[in-house]
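Undergrad: Sequence:
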Amino acid sequence: MQQSFELPELDRKKTQRAVEAALEKYRIFKTMPFEEKEATITAGYQERFHGPTNVTSDQTAEIAIYNTFIPAMRKEYCEKVERSVNKLYPRERLLITERYMKDELMTDLKMYSFVFNPPISKDTYAKIRWMAFYSLAFNFDYYRIVNITELVKTRTSE
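Residue 5 in this note's numbering sits at position 5 of the sequence shown, and the numbers go up by one each step.
A hint or two may mislead.
List of simulated lysine-lysine pairs, BS3-like, C-alpha gap at most 25 Å [to be verified]: (1) Lys-122 - Lys-13; (2) Lys-80 - Lys-14; (3) Lys-87 - Lys-102; (4) Lys-37 - Lys-13; (5) Lys-75 - Lys-153; (6) Lys-75 - Lys-13; (7) Lys-122 - Lys-80; (8) Lys-14 - Lys-127; (9) Lys-25 - Lys-37; (10) Lys-13 - Lys-80; (11) Lys-122 - Lys-87; (12) Lys-37 - Lys-87.
With beta-carbon atoms standing in for the labels, derived distance ranges [as the list claims (entries may be wrong)]: (13) Ala-39 - Val-152: 44 to 50 Å; (14) Leu-109 - Glu-62: 46 to 52 Å; (15) Glu-62 - Ile-148: 32 to 38 Å.
Calculated from the structure, these hints are not laboratory results.
C-beta atoms are modelled at their ideal positions from N, C-alpha and C, and glycine is treated no differently.
Full structure from sequences and hints, please.
TA: Here it is, written out as structure tokens:
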């Protein structure tokens, strides 16, 4: 008895939006520097009501945790995206890195006319981009960046 396994058909628009959002987040994390929080050392007037609030706060500890974990989370996210992109075929990888992961914003027209050598047609470019997005959606699902179940195409009754 032989089992068959087919990859699900993904909704193109949802997949493109999800993958582009993940890549935009990557670009922001890579280009925008992380600004550390600092503890305030001057006392500020704050109205205090009498009675126990049963809440303890340690501003310095909260800031230290934030300054430690947020950069680590950003670095881990970027590494996951880079690992996913490195698994793509060379043409797909070129398209994704040049179009979505560099500092400079690149248009689709510039990509298929000037970046690819030799230049490719608009339709070929769209086909390569869709295959890259399709592969990235599954890779991002593996790393829990994107939820693939939200991207599966639903069949409407006719």
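Undergrad: With reference to the structure, classify each hint as holding or not holding.
TA: Taking the hints in turn, this is what the structure says about them:
1. Distance check on the hinted pair: Lys-122 and Lys-13 sit about 18 Å apart at the alpha-carbon level, within 25 Å; holds.
2. Distance hint between Lys-80 and Lys-14 is fulfilled; the C-alpha atoms sit about 21 Å from each other, no more than 25 Å.
3. Between Lys-87 and Lys-102 the CA atoms are separated by roughly 18 Å; this keeps the pair inside 25 Å, and the hint holds.
4. A distance of roughly 38 Å separates the Cα atoms of Lys-37 and Lys-13; the hinted pair therefore is violated under the 25 Å criterion.
5. Distance restraint check for Lys-75 and Lys-153: the Cα-Cα separation of roughly 32 Å exceeds the 25 Å cut-off, and the hinted pair is therefore not satisfied.
6. For the proposed pair Lys-75 and Lys-13, the alpha carbon gap of about 28 Å is over 25 Å, so the pair is violated.
7. A distance of roughly 29 Å separates the Cα atoms of Lys-122 and Lys-80; the hinted pair therefore is violated under the 25 Å criterion.
8. For a cut-off of 25 Å, the pair hint linking Lys-14 to Lys-127 stands: about 16 Å separates their Cα positions.
9. Restraint check for Lys-25 and Lys-37: satisfied, since their Cα atoms lie roughly 21 Å apart, inside the 25 Å limit.
10. Between Lys-13 and Lys-80 the CA atoms are separated by roughly 23 Å; this keeps the pair inside 25 Å, and the hint holds.
11. Between the alpha carbons of Lys-122 and Lys-87 the distance comes to roughly 24 Å, so the proposed pair stays at or under 25 Å and holds.
12. For the suggested pair Lys-37 and Lys-87, the alpha carbons sit about 36 Å apart, so the restraint of at most 25 Å is broken.
13. In this structure the supplied range 44 to 50 Å holds for Ala-39 paired with Val-152, their Cβ-Cβ distance being about 47 Å.
14. Our hint of 46 to 52 Å for Leu-109 and Glu-62 holds, since their Cβ atoms are close to 47 Å apart.
15. In this structure the hint that Glu-62 and Ile-148 lie 32 to 38 Å apart at CB holds, the actual value being about 35 Å.
In summary, the structure is inconsistent with hints 4, 5, 6, 7, 12 from the numbered list given earlier, while agreeing with the others.
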